[in-house]
Amino acid sequence: MKGLNFSMKKVIILLTIIFISCGSDGESSTSSPREEVSNDKLETLDWPLDYPIFEIYECLENKGLSDLPSPEVTDSEILIRFDEGYDKDFHNEFNILIDECEVKINEDDENDNREEAAEVKEEAAEVKEE
Numbered sequence: 001m002k003g004l005n006f007s008m009k010k011v012i013i014l015l016t017i018i019f020i021s022c023g024s025d026g027e028s029s030t031s032s033p034r035e036e037v038s039n040d041k042l043e044t045l046d047w048p049l050d051y052p053i054f055e056i057y058e059c060l061e062n063k064g065l066s067d068l069p070s071p072e073v074t075d076s077e078i079l080i081r082f083d084e085g086y087d088k089d090f091h092n093e094f095n096i097l098i099d100e101c102e103v104k105i106n107e108d109d110e111n112d113n114r115e116e117a118a119e120v121k122e123e124a125a126e127v128k129e130e
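Numbering (full-length UniProt numbering), first residue to last: 1 to 130.
Some hints could be false.
[Said to hold, decoys possible] The calculated EDC-like cross-link candidates involving lysine to aspartate or glutamate, where the alpha carbons are at most 20 Å apart (straight line), are: (1) Lys63 to Glu115; (2) Lys10 to Glu58; (3) Lys63 to Asp99; (4) Lys9 to Glu84.
[Stated by the list, open to error] Restraint-style ranges between C-beta atoms, simulated for each label pair: (5) Asp50 to Lys88: 27 to 33 Å; (6) Asn113 to Asp67: 15 to 21 Å; (7) Asn95 to Asp50: 29 to 35 Å; (8) Ser76 to Glu100: 40 to 46 Å; (9) Arg81 to Glu102: 26 to 32 Å.
For the record, the hints were derived by calculation from the structure and aren't laboratory data.
Here a beta-carbon is modelled for each residue, glycine too, at the ideal position from N, C-alpha and C.
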């Protein structure tokens, strides 16, 4: 299980680097995290660069939400743009499921941290015994 988590982290880091390198240099925004910018034809959500968007997207897809807009990684933030191809129902479902996925990912991270702490304690005990 630990090997799988390590591999997933590698994939997420690699994808993040790719998206950052492909990001547009001309885009700049001073909006706060997850702020909704309304427009008649476009709605944009934004998060800080350290937001686990690829883990969130994997969770959303596992919950049955497909045809997600591609995240845009800029120099300063991650943007999700909903154009006129996404209706209000899709957007509402996205917001509900993203909250559920954030909770799940936070719980998984807490469990991983507990497991790592237990392993460190075990290793320290083994070293002490030697």
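Right, here's what the structure says about each hint:
In summary, the hint linking Lys63 to Glu115 is not supported, as the alpha carbons are separated by about 26 Å, beyond the 20 Å threshold. Our distance criterion of 20 Å between C-alpha atoms is met by Lys10 and Glu58, whose separation comes to about 15 Å. A hinted pair counts as satisfied when its Cα atoms are at most 20 Å apart, and Lys63 with Asp99 qualifies at roughly 12 Å. For the given pair, Lys9 sits about 33 Å from Glu84 by alpha-carbon distance, which is inconsistent with the 20 Å threshold.
The given range of 27 to 33 Å is respected by Asp50 and Lys88, whose C-beta atoms sit roughly 29 Å from each other. At roughly 34 Å, the beta-carbon separation of Asn113 and Asp67 lies outside the given 15 to 21 Å, and the hint is violated. Taking the beta carbon of each, Asn95 and Asp50 are about 20 Å apart, not inside 29 to 35 Å as hinted. About 27 Å separates the C-beta atoms of Ser76 and Glu100, a value inconsistent with the hinted range of 40 to 46 Å.
Between Arg81 and Glu102 the CB atoms are about 20 Å apart, so this pair departs from the stated range of 26 to 32 Å.
When each numbered hint is compared with the structure, violations occur for hints 1, 4, 6, 7, 8 and 9.
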